[in-house]
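S.K.: Chains V and G supply the protein sequences, listed in that same order. Plus 42 on top of the position in the first sequence (first one is 1) and you've got this note's numbering. Plus 42 on top of the position in the second sequence (first one is 1) and you've got this note's numbering.
Among the hints, erroneous ones may be present.
If several chains are the same, the list does not tell them apart, and a pair holds so long as it fits within one copy or across any two.
Unchecked claim - For lysine to aspartate or glutamate, the following DMTMM-like pairs were computed, each having C-alpha atoms within a straight-line distance of at most 25 Å:
hint, residue 1, residue 2
1, K310, D154
2, K77, E356
3, K305, D315
4, K147, E363
5, K207, E84
6, K107, E84
7, K77, E210
8, K107, D312
9, K207, D359
10, K147, D187
11, K77, D317
12, K50, D319
Calculated directly from the structure, the hints in this document are not laboratory data.
There are 2 protein chains.
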Amino acid sequence: MLDQISAKPHERLAQILAPEMQAVNGLIRDRMASKHAPRIPEVTAYLVEAGGKRLRPMLTLAAAKLCGYEGPYHIHLASTVEFIHTATLLHDDVVDESALRRGRKTANLLWDNKSSVLVGDYLFARSFQLMTETGNLRVLRILSDAAATIAEGEVLQLTAAQDLKTTEEIYLQVVRGKTAALFSAATEVGGVIAGRPEEEVRALFEYGDALGIAFQIVDDLLDYWGSDATGKNVGDDFRERKLTLPLIKAHARAGEEERAFWKRVIEKGDQRDGDLDRALELLNRHGALDETRSEALAWAGRAKAAMLTFPQSELRDLLIELNDYVVARVS
Amino acid sequence: MLDQISAKPHERLAQILAPEMQAVNGLIRDRMASKHAPRIPEVTAYLVEAGGKRLRPMLTLAAAKLCGYEGPYHIHLASTVEFIHTATLLHDDVVDESALRRGRKTANLLWDNKSSVLVGDYLFARSFQLMTETGNLRVLRILSDAAATIAEGEVLQLTAAQDLKTTEEIYLQVVRGKTAALFSAATEVGGVIAGRPEEEVRALFEYGDALGIAFQIVDDLLDYWGSDATGKNVGDDFRERKLTLPLIKAHARAGEEERAFWKRVIEKGDQRDGDLDRALELLNRHGALDETRSEALAWAGRAKAAMLTFPQSELRDLLIELNDYVVARVS
């Protein structure tokens with residue numbers, strides 16, 4: 043009991059959902075195999091077993107359980123969601139030319155970019171096979187829409203990242219693509235497969251959407267907010283010239299001289315000693331960090347409100363705690 | 043009338059299917075758009091309008107018409123097939139580090155690898171949205187299975203291409219992935235959407251599968267068979283160390299000294315002046331080219347036999363002629 047109280051909400055979710063997660067892991071291992079191309083399970087096993095939190099498939103399982111679903115297909119849907127996520131990671135690492143993920147070498151470095159591109163495609167195809175097996179056309183629509191939003195958001199980020207004309211509206215679209223579209227699809231399909239009424243399905247969508255947006259805004263804020271246990275270093279996004287919400291807010295309020303500074307360091311990428319300190323000073327001067335934090339808290343509030351439309355239960359309260367936990371990192 | 047007789051079969055197919063192809067082109071233009079990310083239609087338009095023969099969507103339209111289909115969804119399915127094909131081309135060019143396709147610069151060269159990877163992902167997602175709109179679970183299964191076979195074949199090719207242990211069986215799996223899986227899915231879904239009996243659906247699958255395999259074997263043979271109007275140069279595959287059917291056959295019959303030659307030029311990639319001539323001489327000595335040609339003709343025979351199970355019609359005969367045309371390049 044003491045153990046349960048001290049554990050983090052996603053760890054307690056993992057405990058409650060342990061039998062279902064075991065079935066998901068079994069299905070993932072089964073479907074990531076390839077009779078003919080041994081490179082596929084090599085790469086996939088490396089990623090799938092890299093010890094991620096499996097937050098997205100747990101969201102699907104939790105939503106289905108919250109809705110009293112008793113069929114077999116939440117396992118397929120949770121595996122689908124994890125496959126889409128893994129495929130996205132493989133392609134992201136190629137696009138970002140990353141060398142490390144979760145402290146380990148990335149697949150594109152261990153094998154090559156070719157393998158990452160093609161194994162990612164294989165996992166996308168496998169995810170569509172898995173969702174097709176549910177025979178539920180509405181979940182197919184939700185998940186294929188999510189896949190399109192994810193890819194669109196990534197392309198948008200390519201062109202918007204270093205462009206100071208990027209607005210908060212575009213930032214939000216990028217964030218939906220990067221994070222929230224898969225979170226909201228993960229929770230929504232749990233309600234759809236359980237055949238719940240529209241208002242519950244809608245509430246599950248809104249919980250996932252708001253949780254995902256809060257999660258990403260917090261992540262972007264932590265890059266300037268100071269070191270925490272996440273392992274992110276202050277200023278990584280700044281050095282990579284990523285235009286995230288704090289910078290967009292500070293730039294919107296910048297005078298002429300400050301605009302020239304942002305143009306030099308973000309658009310031109312001409313960064314010198316002391317520029318990060320200058321950036322932090324400007325972010326604070328314009329209240330950009332506090333305001334970004336308020337927005338993250340507002341999205342977390344929306345996620346909580348959506349979840350409160352469900353009757354009280356251990357699982358519902360745990361999903362609310364998960365949401366609180368996401369923003370607690372900047373509270 | 044004289045015009046029709048002189049035209050190539052795929053051109054006459056395009057004439058017969060002109061109204062449907064116009065609808066397909068309209069749907070493709072509509073769905074390749076992106077409200078938020080202008081990079082997407084830029085890249086896609088460049089590829090989709092590059093003047094390919096649109097053979098795959100025409101196969102779907104022809105199969106549906108042959109089956110007397112009168113609904114609207116053959117347009118969605120033909121567009122799906124073209125989107126999957128275009129996404130595959132985008133990713134292929136990244137994997138092969140190609141600079142030219144159909145005589146024009148590739149998208150990865152004009153934009154960058156990142157755009158090619160992500161826009162390819164977008165088109166995959168769009169293709170799944172399109173097929174979901176048909177509401178037909180069987181076509182969803184067929185097309186998501188095809189997508190998995192394509193990706194698996196590409197990964198297999200990565201590891202098998204320069205490996206002299208590659209068997210004819212593995213070669214056939216690679217060919218199904220590269221070409222035949224999408225051909226057979228394209229024709230099969232035309233019969234499925236029309237609700238035709240199993241034996242007709244099966245015959246359409248077999249026609250597409252055998253046509254695709256014949257098509258790819260001919261393509262691989264032409265690389266050694268001599269120049270034709272295809273624009274391929276003799277020896278391209280040899281220089282890229284691709285282990286295609288002619289080489290697999292010659293290697294299987296090679297003595298010790300010849301095996302050392304193949305090991306040097308294909309596995310080690312140590313190619314010198316005169317090696318291509320030596321390779322051609324070995325291919326001829328062991329009858330590898332003639333035998334490869336016989337296999338292409340045998341697959342074309344299977345495609346024809348499958349099509350002959352349909353009653354005579356102008357469209358049926360044109361599909362048979364298309365098949366004859368594919369192998370005529372090496373007849």
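S.K.: None of the hints should be skipped; say for each whether it holds.
M.R.: These are the hints, each one checked on the structure:
1. Within a single copy, K310 and D154 get their C-alpha atoms only as close as 30 Å, which misses the 25 Å cut-off; across copies the closest is 19 Å, which meets it.
2. In this assembly of identical chains, K77 and E356 lie within 25 Å of each other by CA distance neither inside one copy nor across copies; the values are 42 Å within and 41 Å between.
3. Within a single copy, K305 and D315 get their C-alpha atoms as close as 16 Å, which meets the 25 Å cut-off; across copies the closest is 54 Å, which misses it.
4. With identical chains, the CA atoms of K147 and E363 are never at most 25 Å apart, being 32 Å at best within one copy and 53 Å at best between copies.
5. For the homomeric pair K207 and E84, the shortest alpha-carbon distance between copies (20 Å) is at most 25 Å, but the shortest distance inside one copy (42 Å) is not.
6. Taking the shortest Cα distances, K107 and E84 never come within 25 Å of each other, neither inside one copy (32 Å) nor across copies (44 Å).
7. For a Cα distance limit of 25 Å, the shortest separation of K77 from E210 across copies, 16 Å, qualifies, whereas the shortest one inside one copy, 47 Å, does not.
8. Taking CA atoms no more than 25 Å apart as the test, K107 paired with D312 passes in neither setting, with 52 Å inside one copy and 60 Å between copies.
9. Neither within a single protomer nor between protomers do K207 and D359 lie at most 25 Å apart by alpha-carbon distance, with minima of 41 Å and 58 Å respectively.
10. For the identical chains of this complex, K147 and D187 are neighbours neither inside a copy (31 Å) nor across copies (31 Å), given an alpha-carbon limit of 25 Å.
11. Taking the shortest Cα distances, K77 and D317 never come within 25 Å of each other, neither inside one copy (53 Å) nor across copies (35 Å).
12. In the homo-oligomer, the alpha carbons of K50 and D319 never lie at most 25 Å apart, since the shortest distance is 33 Å inside one protomer and 68 Å across protomers.
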